[in-house]
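Residue numbers (my numbering), protein chains in the order written: chain U, 1 to 491; chain D, 1 to 1018.
Check before you lean on any hint, since a few could be wrong.
Listed next, with one range per pair, are the computed distances between beta-carbon atoms [said to hold, decoys possible]:
(1) U:D416 x D:G562: 54 to 64 Å
(2) U:G160 x D:V689: 48 to 58 Å
(3) D:N592 x U:S162: 30 to 40 Å
Think about it this way: if two alpha-carbon atoms lie no more than 30 Å apart in a straight line, the pair counts; the simulated DSSO-like pairs of lysine-lysine are [claimed, not checked]:
(4) U:K266 x D:K440
(5) U:K196 x U:K225
(6) D:K148 x U:K13
(7) D:K685 x U:K13
(8) U:K304 x D:K926
(9) U:K486 x D:K768
(10) D:K926 x D:K1008
Please keep in mind that the hints were generated in silico from the structure rather than gathered at the bench. Note that the coordinates shown come from a computational prediction; the quantities given were computed from them, not determined experimentally. The beta-carbon is built from N, C-alpha and C at its ideal position, and this holds for glycine as well.
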Amino acid sequence: MGALLFVTASCEKYYEPTTSIDEESALTNAADVETATIGTYAVLLNAAYVRSVHFLMEYPSDEVAQGQSSGDDLTRAYRYTHINTSGHATNFWGQAYKVIAAANKIIAYVPDESSVILRQLKGENLYLRAMMHFNLVRVFGRPYTQEGGNNPGVPLLMDGMSDDAINNITRSPVKEVYDSVIQDLIKAADLMSEDKSNSFASKEVAQALLARVYLYKGENENAIKYADLVIKSGRYKLVQGGEFSSYFKTAPASNQETIFAIRHTKVQDRGFSAIGSMYFSADASGTAEGQGVSGWAEIYASKKYVDFLAKNPADLRSNFISPYTINGVLQHNIKLSPSTPMYYINKYSMQEGVINLSSPVYLRLAEMHLIRAEANAKTGKTAAALEDVNLLRQRAGLSGNALYTVGNLGAKKVLDVVMEERWLELAFEGHRSYDLFRNNLPMERNYPGTHSLNNTPTTNITQKVLPTDARTIFFIPQAEIDRNPKLTQNP
Amino acid sequence: MKKPKPKPTMWFPRKGSLRYPLAMMIGMSLIHSPQSIALPFANHATAEVIRLDRTVTGKVKDENGEPLVGVTVTIKGNNAIGASTDLNGDFSLIIPENLISNATLVFSYIGYAPVEAALGEQNTFDIALTSASNQLEQVVVVGYSAKKVKYLSSSVSTINNEKLRDVTSNELPNLLQGKAPGVVVSSASGDPTSAGRILIRGAGTISAGTSPLIVVDGNIGGSYNPVDVESITVLKDVAATGLYGSRAANGVIIVNTKMGKAGKTQISFANTMGFAQATTGNFRLMNSQQLYDFQSTFYPREASVLQTNTNWWNEAFRTGFVNNHTISASGGSERTTFYISANYYKEQGTQIENDKTGYNFRANLQSQLTNRLTAKVLFNGTFNKDNYANSNTLYDAYNNLPFDPAYDADGQPIDGRTYPNWLGRDRESFLHSVQYNYSKAQSLNVTTDVNLDYELTDKITLSSYNRINFGNGLSASYNDKRTKQGGANSGELYNGTSYSSRLLTSNRIRYSEDFGKHGLTVLGVAEAETTYSSSTSAAGKGLPPGRDVMSVATDILTNPTGLNEQVGFRKFLGQADYNYDNKYFLVGSFVNEFSSLFGKNNSTANFYQLGASWILSNEEFLKNNKTLTFAKLRASNGTVGNADGISNFASLGLYTISSDASYSGLPGAAPSQKGNPDLTWEKIKSSNVGFDLSFFNRIDLVVDAYVKEASELLYRKPLAATTGYSYVWVNAGSIRNKGIEFSLTSTNIKGKDFNWETNLNMAFNRNKVLELSDGSTVFNSGARQPIAVGHNMDEYNLPIWAGVNPENGDPQWEKVVKDANGNVTKELTSTYNQAQTADSRQFAGKTAAPKFTGGLSNTVTYKNFTVSAFFNFVYGNWVYNESRVYFDNDGLYESYNQMVLAKGWSRWEKPGDVVTHPKPIVGGNKDSNQSSSRYLEDGSYIRLRNVRVGYSLPDNLLGKNGFSRVSVFVSGDNLWTGTKFSGPDPEVTLSQVDLSSGLSSLRYPISKKYLIGINFSF
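In isolation and in its complexed conformation, chain U is listed as follows:
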């Protein structure tokens, strides 16, 4: 009995988890910093980040048409009928701050003066923090160009903050968020010196994002400066011909135009929960099929966009749309009246031959040319602006009269053609609504889609959203306000 008691007492033992490690041992040396940095990137793969942020950024645009109503919150992003308990806004907010918090731990751990490898990794985390703050301030804060950036932005979560400060954090003005983003990116570009693949941050990735941030901020010279740096770095090239037509079917590492993409490997196929599932449905070979075969396929390229693209039948960018046809006849989603033509979008499908696999592209070289063009146009450098636009049009297979000269612009201003080219080139990549609203332009929809359900009668398919409309940005998630009442709500 005594022996039994002894044996029993010796059972007082702690066990270690096997799929996790204790945080105290997570960041103790240089190798840990690399592992933890991978973990920071990995948060971007969560559907709650990559899928939700895509819906919030892309669906308010006039590039897409939702062909049938849905109870999913994505419908509200499309129709501008937001609610403060939006699932996708809550998802995105939560994941974005998770990335920032994970990055902050590494930023705090690694001193600025350290080995090349550690400086690189610190720079990558600074980049990720900047990218998240910038995405947050675009989704929840008004454009910088309104009120000089003095509207409420989002909380700036920085390294070294106390628990108390974090629990009582408030929204910084848009301007301060931009300043912080720029500061992080400049420092990130300075720290990073490795030419990592386009699945990771590197000097040019930070510079590319800086170009975009400056453009949004209206600092055109800086936008040109950083776009130039990226273009002239020689690390990227505009892919041509067939390579361009299959741009999004190519794994990022093999794509020389992509600057930064959120890499999904073959085991990270999200099936019906993938971004591409909303756009595309096909058989295993990629031939368009009816809804529900491989995806929901209820968000289509808008008739407005398709018609505009069709003005130049040779435009290779039509390859990014797969009309669903039966015996050559275009099919329509008949749930609405008028019905919606089913122009499937394939920019988020068929990577490495897997239907719903894609690695969403966040930055690519074409955008650098468009940033430079837009900034040049705004600063009166017409020829330089048209040169970049034509470069992209030539790459898209256009020639002759389809290319612009100062003489053939007609009634259009140079900025108009830059914006049109941006629309054609970057469609479905989450740019359009920001491009319009930051330039003080309205979003005009006049094509079939569930936005008509906002109207009476619902056969009226028009919708015009002014850049000053309260719903061009999203509500702060109510659950976050409930946990931290210091956060103010958007009107």
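Let chain U serve as the given structure and place chain D on it in line with the hints.
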């Protein structure tokens, strides 16, 4: 044939009953030797030198005249002298000379009322014992000992095998529903592979588990099949549960399996067969015409859709067959007994593709190895095969449009993906998919117990109870490439395996002695257990049609997973049990327990329990009272802990290194859990007072009142996203449950041929959050059921639905406006955002917790016929009928079927209409289906859980055929339910799961079952 005379034997205080080895524990306090002899065989020597002793002999039978084996015969007041009856019920006892005068013999047997007989001049005794139908005489196992109910200081409920198994199911919780006061069972599904959840005396925790601890055959955990269960004891108050320390916070359910009875080997067959159909309650889906008529008011629907009228519900549900067959054998000699059984259970779910098959074997052996050493070896093996519903069958049954056809002209299921002009939203027909797809699991569980009891002296017993538990599971899901589910990946296969082993040893020392009228028992226990579990899973894609093995997969679908984990517990406990003259009882215990689950700063905790009771009816002033035949007062107080339901490493700050943290094919580590090294046991302080009364020996009333106050609640606290974490485990605040429960059993009529017995039990529980940590007033704010100080933890906090604006048919909610002076006014708004704010969401006093629950049973026997009816009821709870989002949403989904409006509901058609439902609009009317009090419904119900008519063949017919018993019955489960709830089934999970309770989602309703049974023994 001449029977051998039983040899006179001296009584050694060994286990009184072979059926209840633990019953020896009471034997110890009632029967003791005045001598303190060390060696067993010394007694024989002593016996031979006594000269003037008297030998008495006799026979003990039961009420049917069958001999009873193993009945204890003792001399009152001198328990050292005793004997037990042999296989023929005969006994022989030598009474020492000094005890002859005034001696009284006591005949006792577990489950039977004891009989006393004065010795007088008589030398032979023929005694008949009657079974103790009186609950008070039942012996129940509580904690680490067994006692008669009437001597307990605790609140317990017992349910015997017969009462337990009226309803047909292979899951114990489903059998317990409504059987004991304060034991609330709720099943979330009619799926035969899923068991209901048990909640005892309300939920007292936020994030930790609410399921009671199951103790099988004396040790925590273990496996069993309901057919082998002899009795269930539910321990509710802390004096009884406390010995289980950390894990008893939610009450304890003690399961005792059957043991053999010495005597002729009895072989029994029990067979139940029947069929089951889904209940549909008040719920009706629309047919084509109804849906067309409804949708035509707001949506241009072509009349041609009326050519098809598919009833998808009927396609998804079927009549399921139920089979339950058991063969068992029991018997044995005086020293060794056995019970062995084999059971086959098969229940087809009412939903297609869903069924459960179970094979169960049990062998329980007990042997008196020496006069002082008893060994018990228990073996149980179960093998289960579960087939799950798959391919979204339930979802489609509710939502598919009746306009879409199920079968083509050849009678083959149609594939919604390729059918032109399929109108339903998901272009999906489960009928097509289930031809090829499946989802299934199988599991093997083996439990082996070796229990030893050794009497070191007459007063000291050493016991060692040991258990090995082994479990192995396999699961597989297959989505064929021909189906919608598997098409995108050219076929998908998911395989999983799991393994667990659990080792437990419980070592006990018991000392028991009487000093005149004082009786004392002291118990010490040292217990340790460790559980190891591991699992792996793999998923592949690219499989040829119909080929469902991993080796033919051409690619992986997701990364493989696998883990292994270990958890340990260690416990010391001491208990002292004192009684004076069988009138006053005191029990006190102390438990010290360690668990590896908790933070290193706080992994050990202490708990104490005290109990007292007083049998008034043993006092002079009540003795021989003809009205009040028994009366006892009970009181207890103590603490227990809760370590259930939290994750294995809840206290640690963690970085996940699973493949979720990998990026671009490289391994990573991402922060996943905020650490809390101070995390400790949730503690529950509980007090109970109660009384047991018996009137005319016919009416038994048991009443209990209790207060349970949980402090340092385990809570998985959601964090603001800006912290970078989703949650942290904390000890947070305090919740109180208080309540009253009673059980009233009345033998209304007791006659020669006709008997009628009624039992009513009811429980009233009230829950309140008293305090939260850091001075917070609310946790999980914004949730449908936040944890808020001063409120029931199941109370809803929602935007308040304010009906329909009669002018324009818009939905309306209440908007709460606070002016600068803090004055609050309410306005109506049709903008959901204005209602979904911290200010506008309101507690409306509606909670998912019932005001009361209970059961009512009536049993009537007439000669060989028995008729019984059993109702259970739940009253005063509110159910959030979430699934109405799909089929009652004012036009949001024109491509889902809709429910027929329930009684009293109406839709807006024109200005001035005062109605319940807004104007339907394609795409939805202003978020009218968003979370609000609109979908809260009264969840009260009363259900005829079982009705049964049984007939036993009379004895005169049996004898000739060699049968000892033949009975037949017809039985019906859940035949009638009374409720206002609009869905198919009002039953919901009443205990919180993931911080929500009372939620009715797309429900798999429970079954009505029609059964016949035939049981025979020989």
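> Which numbered hints turn out to be false for this structure?
Replying inline: 6, 10
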